[in-house]
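> Can you make the complete structure from the sequences, with help from the hints?
Quick mapping for you: the protein sequence lines, in order, are chains U and B. Each step along the first sequence adds one to the number in the working numbering, with nothing skipped, and position 239 is 241. Each step along the second sequence adds one to the number in the working numbering, with nothing skipped, and position 56 is 69.
Simulated from the structure, these hints should not be mistaken for laboratory data. Using N, Cα and C, we set each Cβ at its ideal position, and we do this for glycine too. Just to be clear, a hint being listed does not mean it is correct.
[Claimed, not checked] Sample of chain U residues at the chain B side, in silico, Cβ under 8 angstroms:
no., residue
1, 6
2, 14
3, 53
4, 55
5, 177
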Amino acid sequence: MNLPQVIEQATLLANEMIAPEIHRMELHAPGISGVAQPGQFVMLGLSGLDPLLRRPFSIHQCTDNSITLLYKVVGKGTTAMAQMGAPQQVSLLGPLGNGFQPALEATHHCLVGGGLGIAPMLFLANHIRKSQPNAGVTILLGGRNKQELLAQEEFAPLGNLQVATDDGSAGLHGFVSELLENIDRKDMHVYTCGPLPMMKVVAEICRKKSWLCQVSLESHMACGMGACLGCAVEKAELRPNEKKYVHVCKDGPVFNASLLWL
Amino acid sequence: MAINLTVAIGDWQLKNPIMTASGTFGYGEEFSPFVKLSELGGIVVKGISLQPRDGNPPPRVVETACGMLNAIGLENVGLAAFIDQKIPMLAKTKADVVVNILGDSIEEYEEITAALDNEDVVKAIEVNISCPNVKKGGVAFGTNADMAAKVTDAVRRKTGKPIIIKLSPNVTDIVEIAKAVEGEGATAISLINTLLGMAIDIETRRPKLANIVGGLSGPAIKPLALRMVYQVASATNLPIIGIGGISSLEDVLEFIIAGATAIQIGTANFVNPALSGELVRGLENYLQNKGLTSVKQLAGSIIT
Ligand SMILES: Cc1cc2nc3c(=O)[nH]c(=O)nc-3n(C[C@H](O)[C@H](O)[C@H](O)COP(=O)(O)OP(=O)(O)OC[C@H]3O[C@@H](n4cnc5c(N)ncnc54)[C@H](O)[C@@H]3O)c2cc1C
Ligand SMILES: Cc1cc2nc3c(=O)[nH]c(=O)nc-3n(C[C@H](O)[C@H](O)[C@H](O)COP(=O)(O)O)c2cc1C
Ligand code: FES
Chain U
3 MNLPQVIEQA
13 TLLANEMIAP
23 EIHRMELHAP
33 GISGVAQPGQ
43 FVMLGLSGLD
53 PLLRRPFSIH
63 QCTDNSITLL
73 YKVVGKGTTA
83 MAQMGAPQQV
93 SLLGPLGNGF
103 QPALEATHHC
113 LVGGGLGIAP
123 MLFLANHIRK
133 SQPNAGVTIL
143 LGGRNKQELL
153 AQEEFAPLGN
163 LQVATDDGSA
173 GLHGFVSELL
183 ENIDRKDMHV
193 YTCGPLPMMK
203 VVAEICRKKS
213 WLCQVSLESH
223 MACGMGACLG
233 CAVEKAELRP
243 NEKKYVHVCK
253 DGPVFNASLL
263 WL
Chain B
14 MAINLTVAIG
24 DWQLKNPIMT
34 ASGTFGYGEE
44 FSPFVKLSEL
54 GGIVVKGISL
64 QPRDGNPPPR
74 VVETACGMLN
84 AIGLENVGLA
94 AFIDQKIPML
104 AKTKADVVVN
114 ILGDSIEEYE
124 EITAALDNED
134 VVKAIEVNIS
144 CPNVKKGGVA
154 FGTNADMAAK
164 VTDAVRRKTG
174 KPIIIKLSPN
184 VTDIVEIAKA
194 VEGEGATAIS
204 LINTLLGMAI
214 DIETRRPKLA
224 NIVGGLSGPA
234 IKPLALRMVY
244 QVASATNLPI
254 IGIGGISSLE
264 DVLEFIIAGA
274 TAIQIGTANF
284 VNPALSGELV
294 RGLENYLQNK
304 GLTSVKQLAG
314 SIIT
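As structure tokens, then:
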């Protein structure tokens with residue numbers, strides 16, 4: 003389903019810290035925003051020799067002319083990003099990868115985001131609201147603490163929002179997966195992004211309850227476009243004649259959980 | 014005045030000296046939104062082995078200062094699928110295609126070369142000799158002049174197409190290896206492949222790559238690659254294809270002045286997927302501005 007990709011010289015519109023180490027960057031990028039699907043990502047260029055490679059980021063929010071990224075400062079590249087300011091030019095490669103495929107027939111959608119995995123969920127929630135105004139939507143967000151529960155105000159009008167924190171500073175004192183476990187429904191479609199252990203638990207709950215589950219993976223990337231084969235992730239079990247690895251950038255980043263973990 | 018960008022590798026006339034390096038350009042198609050493939054001197058596809066290979070466990074790539082380490086593990090679709098699926102697609106692009114081949118025995122190199130000899134799209138064969146020779150205790154073909162010569166001779170006998178031997182820089186004396194493959198009928202030499210390196214996560218004390226070690230590429234290796242190109246160009250009579258950290262027009266010119274007939278863009282394709290096409294136009298403009306009519310006037314023009 004790979005859509006047309008472009009290298010776009012985007013104009014930075016805003017870049018602000020919204021929580022400790024967490025920043026939100028908005029970019030004028032009509033070439034990408036016009037075709038992007040929820041769950042897709044961009045490779046952001048840092049225009050120097052060190053850091054050298056582009057960095058992958060999910061599209062957090064998408065309007066007609068702009069996209070927003072939600073990112074955490076973890077190293078050289080994201081530190082440099084945090085110092086960028088409007089109206090700087092930023093090179094974006096995108097939109098990349100296969101996004102979420104919201105089920106058209108589903109009566110109820112459930113979005114599960116943990117930590118920075120919250121990022122792609124806002125675009126997805128908005129998209130589902132717009133394309134299926136009558137569908138039920140539940141949004142479950144998890145974080146280590148209250149500060150990590152990002153963009154709650156944006157999510158609140160889009161569905162039934164529930165939160166969980168590891169330290170109990172907001173919502174359920176526990177894991178976001180417990181909120182999912184407590185849902186009693188026969189037919190539901192689940193979309194998740196977050197730390198790998200969390201997504202595996204979510205996928206396992208879905209398997210038991212017979213809900214379809216789409217997961218968004220990360221891996222170390224050099225190109226983001228299927229050329230380097232650097233972003234391989236191993237499948238847990240193989241069906242006959244299956245290849246051992248999938249490539250997150252071009253086969254994903256969104257996969258049906260059953261394809262990866264059976 | 015019209016600028017002549019053409020160069021020759023044996024019987025193969027390249028439109029210009031700008032090529033793309035194996036493993037950094039997929040099978041070409043990935044880059045078609047950004048580069049008109051037929052405008053490049055040539056594209057070198059991901060290394061092909063006889064059987065498909067899964068490659069190494071992740072993490073396979075990690076960035077280091079001004080470069081990156083990779084341990085992809087030569088993942089590829091295998092010869093049969095390459096011929097069935099990739100060759101027809103490549104034919105449509107009208108690109109000049111070089112197939113990079115790899116093997117763990119001389120027989121494997123021979124078999125792949127023989128099969129590719131029938132394919133019109135394939136303008137030349139680039140032989141990656143940085144792979145371990147399984148029958149000789151896993152020592153890389155490219156680190157031993159004798160074994161490098163034997164592979165060259167073996168593939169030479171299986172095809173009339175130009176043969177480019179791609180040298181490993183992980184050797185004590187690159188000139189010795191270059192002379193050995195020249196003596197066995199290589200059409201050209203490309204260099205360098207990646208340098209063996211590693212990186213450690215100090216928090217976990219584990220290697221950052223699952224394979225522990227990997228190949229270093231990118232701007233970090235450019236001075237070393239340039240030195241090797243210069244040495245090999247001075248010591249042999251073969252056309253040289255320069256590779257290693259090339260990211261700008263200045264880099265291209267340095268390699269050509271050092272003695273390279275053509276160059277390949279590797280890691281820089283990841284940073285700017287449109288770069289190779291931009292460099293073709295950049296080179297033409299440069300020659301025009303300098304009042305030169307042919308890129309050959311620049312080749313090997315170093316003053317020492
Ligand atoms: C498809 C995809 C979507 C992503 N979306 C987001 C997002 O919306 N928001 C966000 O904050 N981050 C996101 N990431 C992760 C983000 O790309 C990395 O945090 C970023 O590249 C780190 O760059 P750096 O130079 O600051 O860190 P580096 O100095 O490169 O590394 C610092 C630390 O981050 C780790 N790291 C580096 N690259 C990655 C990576 N690709 N994935 C996971 N860990 C990595 C390193 O191992 C190291 O521990 C996404 C990654 C992928 C693959
Ligand atoms: C991800 C990656 C994969 C590569 N795969 C191959 C390969 O299959 N065969 C090969 O001969 N060289 C391979 N190389 C080496 C490159 O072709 C090139 O020689 C090297 O990267 C140095 O050039 P650069 O610094 O411009 O990248 C690979 C390099 C990278 C970064
Ligand atoms: S990041 Fe290069 S193939 Fe996926």
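> If a hint holds in the structure, say so; if it doesn't, say that too.
The hints, checked one at a time:
1. 6: Residue 6 of chain U check passes; min Cβ-Cβ to chain B is 7 angstroms, inside 8 angstroms.
2. 14: The hint is violated - residue 14 of chain U has no Cβ within 8 angstroms of chain B, the shortest such distance being about 19 angstroms.
3. 53: holds, 6 angstroms
4. 55: With a closest approach of 5 angstroms, the residue 55 of chain U hint holds.
5. 177: Status violated, d = 24 angstroms.
Hints 2 and 5 from the earlier list are contradicted by this structure; the remaining hints agree with it.
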